[in-house]
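2 protein chains.
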Amino acid sequence: MKLRVDVEATDGAARVGTVRTSRGIIAVPAFMPVGTRGTIRALSTHELSGLRAADGSGADVMLANTYHLMLRPGAERVAELGGLHAFTGWDRNMLTDSGGYQVFSLDPSVTDEGAEFKSTYDGSRHLLTPESAVHTQELLGADIQMVLDVCAALPAGREILAAAVDRTARWAERARMSHGRTGDQALFGIVQGGTDHDLRVRSAELTVALDFDGYAVGGLSVGETREEMMPALDAALSVLPASQPRYLMGVGDPVSMVSAVMRGVDMFDCVLPTRLGRHGTLLVDDGRLNIKRSEFAVSDEPVSTRCGCATCGNYSRGYLRHLMAVGEPAGATLCTIHNLTWMMDLMVRLRLAIAEQRISELAAELEISHASLAPGG
Amino acid sequence: MKLRVDVEATDGAARVGTVRTSRGIIAVPAFMPVGTRGTIRALSTHELSGLRAADGSGADVMLANTYHLMLRPGAERVAELGGLHAFTGWDRNMLTDSGGYQVFSLDPSVTDEGAEFKSTYDGSRHLLTPESAVHTQELLGADIQMVLDVCAALPAGREILAAAVDRTARWAERARMSHGRTGDQALFGIVQGGTDHDLRVRSAELTVALDFDGYAVGGLSVGETREEMMPALDAALSVLPASQPRYLMGVGDPVSMVSAVMRGVDMFDCVLPTRLGRHGTLLVDDGRLNIKRSEFAVSDEPVSTRCGCATCGNYSRGYLRHLMAVGEPAGATLCTIHNLTWMMDLMVRLRLAIAEQRISELAAELEISHASLAPGG
Numbered sequence: 001m002k003l004r005v006d007v008e009a010t011d012g013a014a015r016v017g018t019v020r021t022s023r024g025i026i027a028v029p030a031f032m033p034v035g036t037r038g039t040i041r042a043l044s045t046h047e048l049s050g051l052r053a054a055d056g057s058g059a060d061v062m063l064a065n066t067y068h069l070m071l072r073p074g075a076e077r078v079a080e081l082g083g084l085h086a087f088t089g090w091d092r093n094m095l096t097d098s099g100g101y102q103v104f105s106l107d108p109s110v111t112d113e114g115a116e117f118k119s120t121y122d123g124s125r126h127l128l129t130p131e132s133a134v135h136t137q138e139l140l141g142a143d144i145q146m147v148l149d150v151c152a153a154l155p156a157g158r159e160i161l162a163a164a165v166d167r168t169a170r171w172a173e174r175a176r177m178s179h180g181r182t183g184d185q186a187l188f189g190i191v192q193g194g195t196d197h198d199l200r201v202r203s204a205e206l207t208v209a210l211d212f213d214g215y216a217v218g219g220l221s222v223g224e225t226r227e228e229m230m231p232a233l234d235a236a237l238s239v240l241p242a243s244q245p246r247y248l249m250g251v252g253d254p255v256s257m258v259s260a261v262m263r264g265v266d267m268f269d270c271v272l273p274t275r276l277g278r279h280g281t282l283l284v285d286d287g288r289l290n291i292k293r294s295e296f297a298v299s300d301e302p303v304s305t306r307c308g309c310a311t312c313g314n315y316s317r318g319y320l321r322h323l324m325a326v327g328e329p330a331g332a333t334l335c336t337i338h339n340l341t342w343m344m345d346l347m348v349r350l351r352l353a354i355a356e357q358r359i360s361e362l363a364a365e366l367e368i369s370h371a372s373l374a375p376g377g
Numbered sequence: 378m379k380l381r382v383d384v385e386a387t388d389g390a391a392r393v394g395t396v397r398t399s400r401g402i403i404a405v406p407a408f409m410p411v412g413t414r415g416t417i418r419a420l421s422t423h424e425l426s427g428l429r430a431a432d433g434s435g436a437d438v439m440l441a442n443t444y445h446l447m448l449r450p451g452a453e454r455v456a457e458l459g460g461l462h463a464f465t466g467w468d469r470n471m472l473t474d475s476g477g478y479q480v481f482s483l484d485p486s487v488t489d490e491g492a493e494f495k496s497t498y499d500g501s502r503h504l505l506t507p508e509s510a511v512h513t514q515e516l517l518g519a520d521i522q523m524v525l526d527v528c529a530a531l532p533a534g535r536e537i538l539a540a541a542v543d544r545t546a547r548w549a550e551r552a553r554m555s556h557g558r559t560g561d562q563a564l565f566g567i568v569q570g571g572t573d574h575d576l577r578v579r580s581a582e583l584t585v586a587l588d589f590d591g592y593a594v595g596g597l598s599v600g601e602t603r604e605e606m607m608p609a610l611d612a613a614l615s616v617l618p619a620s621q622p623r624y625l626m627g628v629g630d631p632v633s634m635v636s637a638v639m640r641g642v643d644m645f646d647c648v649l650p651t652r653l654g655r656h657g658t659l660l661v662d663d664g665r666l667n668i669k670r671s672e673f674a675v676s677d678e679p680v681s682t683r684c685g686c687a688t689c690g691n692y693s694r695g696y697l698r699h700l701m702a703v704g705e706p707a708g709a710t711l712c713t714i715h716n717l718t719w720m721m722d723l724m725v726r727l728r729l730a731i732a733e734q735r736i737s738e739l740a741a742e743l744e745i746s747h748a749s750l751a752p753g754g
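Chains as they are written, first to last, in my numbering: chain P, 1 to 377; chain E, 378 to 754.
Misleading hints may appear alongside valid ones.
[Said to hold, decoys possible] Pairwise CB distance ranges, derived in the manner of DEER restraints:
| # | chain 1 | residue 1 | chain 2 | residue 2 | range |
| --- | --- | --- | --- | --- | --- |
| 1 | P | G223 | E | G500 | 39 to 47 Å |
| 2 | P | S109 | E | I745 | 38 to 46 Å |
| 3 | E | G451 | P | A242 | 53 to 61 Å |
| 4 | P | N290 | E | G427 | 24 to 32 Å |
| 5 | E | G704 | P | Q357 | 44 to 52 Å |
| 6 | P | R125 | E | G427 | 42 to 50 Å |
| 7 | E | G451 | P | G313 | 20 to 28 Å |
| 8 | P | E113 | E | I745 | 54 to 62 Å |
[Unchecked claim] Below, computed lysine to any residue pairings styled on SDA-like, alpha-carbon distance capped at 25 Å:
| # | chain 1 | residue 1 | chain 2 | residue 2 |
| --- | --- | --- | --- | --- |
| 9 | E | K379 | E | R640 |
| 10 | E | K669 | P | G123 |
| 11 | E | K495 | E | L531 |
| 12 | E | K495 | P | G327 |
| 13 | P | K292 | E | R454 |
| 14 | E | K669 | E | G685 |
| 15 | P | K292 | E | G459 |
| 16 | P | K292 | P | R41 |
| 17 | P | K292 | E | L516 |
| 18 | P | K118 | P | R72 |
| 19 | P | K292 | E | K669 |
| 20 | P | K2 | P | L210 |
| 21 | P | K2 | P | R181 |
| 22 | E | K669 | P | R77 |
| 23 | E | K669 | P | S119 |
| 24 | E | K379 | E | S399 |
| 25 | P | K118 | E | G704 |
| 26 | P | K292 | E | G460 |
| 27 | E | K669 | P | K2 |
| 28 | P | K2 | P | E173 |
| 29 | E | K669 | P | G83 |
Simulated from the structure, these hints should not be mistaken for laboratory data.
Glycine included, C-beta positions come from ideal geometry on N, C-alpha and C.
Work the whole structure out from these sequences, hints included.
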């Protein structure tokens, strides 16, 4: 089903609004936490459901990784158990990736047919094709699924990038043709092209020509600088239809996000806040805070006096530091709760800033406090 | 402060009622979850606070281990941060052990002065004395603290047990004398004596003569059979004053618990339900269930349709099995939530059975379903 953005307010190219899926509403700009194997690491889905931003809003979408779920417990198994929502107990929107990103990191053997790879679980060989990625994601049953694309590692020469764009387009067409679950599931196309502007435009044109339910920009946040990323993003966005959602994949640092939002991006996902949290790095308004530092051992202050999360409401920095120091799993859980809440609060701040026409101000603020965070963590 | 049991109903020697500490009420019989380093492993204290038995009651007491906390982060540090309640965010009753149980498992060098041991964290040497155990627990600031006792490994000869009883009595007196925080903290004496009935009586008499705020029976559930344990428990209980709480240390299997309750025991602690949960073994009404078994992979049933916990309310056996199979930490958390809720429900059943004069029936039921569980896990 085709998704549209109901725009409520704009500030330049930035827009605040809602996207309605067959399941429910996504307030955009949206950050989607990554629940790799069907849950956020160190957090249960019912706990994720309970997290609240300052305005009472929660996480509207959880992302899950097809690569992991197709291998464990298997897409057929998830379908047997009622699909991803019933399986995970998460009743809001879900988005699955195609599995391609993980598979391409495993040095697969790639032909026009698809990518053959060895499972990291048991070494067994599998072939991922544009059609199998669609079929697998139909079985998983997320509300939004992604096409299989070719993500070239950067830096890459123009020929490699061009070949990736062309194969991505051929695969996108096959995915579009094989998608059967169109009644309750949206299929997003993905723009590739590395940091080459012409290729980004070409890839976007080829993708838009296939008339997808929404559009993503992939292949960024893979090692390039923010100065290289943004013009490439601009080139892709110049072609994508304004009426439909635009999703920038794998980007979750505050500075890149606000910068992308100012260019018209609606959706983001990133492992950054959860991965940082598990290792004791906490997102705070003036940057980040490594809770494992010895100075925090004697602190009876919360991580943030302005944060409404359970971690800041119940525990001191000294206690969190203790939990991380002795390896109590609750430490990772509490830091994850805080970082996800901070991200949800950031989205509220972004949406409010757009509505109040002061997104540039917020961008300048974030540039000062969070410039040191890399896009993908 | 001296603690008393306000008895509401009895069934034979079994009693249901409340114990009032300076902090609040403990409904007895009570099961106390073990929060070793200041939290239940794989569970935050605010989550523990939210767990509810079928009648809406929660966990009234959390136990924490002095051995671990005195070494990490250190008792002075906990005191600086406001004591255990402020430190852990747990605002209900807390009980700390003396540290002796862990220290005696480390093959310490024991003299009449105390036990010298090597820290499992960094190999540093420490001396634990009756006085230092009291002082450390005053700094930690739990509502109930325990004396340092000598726990002999079973089986042991009569001389070894007798020496342990005598040293325990001498240490108990020193602990009693050195306890300063008597306004808001109860100090419990501990009865030793292994499985020797005369020594249990002698140890109980020596302990009661010191006029403690409450009494525990220690040194059981250390490898002996239930048939050896119960007569030893009877011998100790025959001497302990009925007006005060009686705490059976380290016992948490349902059959031993109901059996001890029928002898007049009020309080229990055990790592069993949480340790079993972390390894995927779930307590259910007809025994236990190893969620990692492959047969559960295709089950869309909850662990128990009669349980009101978040795990049974939100997730299937198939999903839990998946989380445990791929090593997602949320699996351990969800199984822990269920097992603790099951234990809380068991206490409600015990309290109700006493009030309704049918504790023997419940004991017969539990004997059929849970006889295979060892006392201490």
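### Query
Okay, which hints does this one fail, numbers in order?
2, 19 and 27
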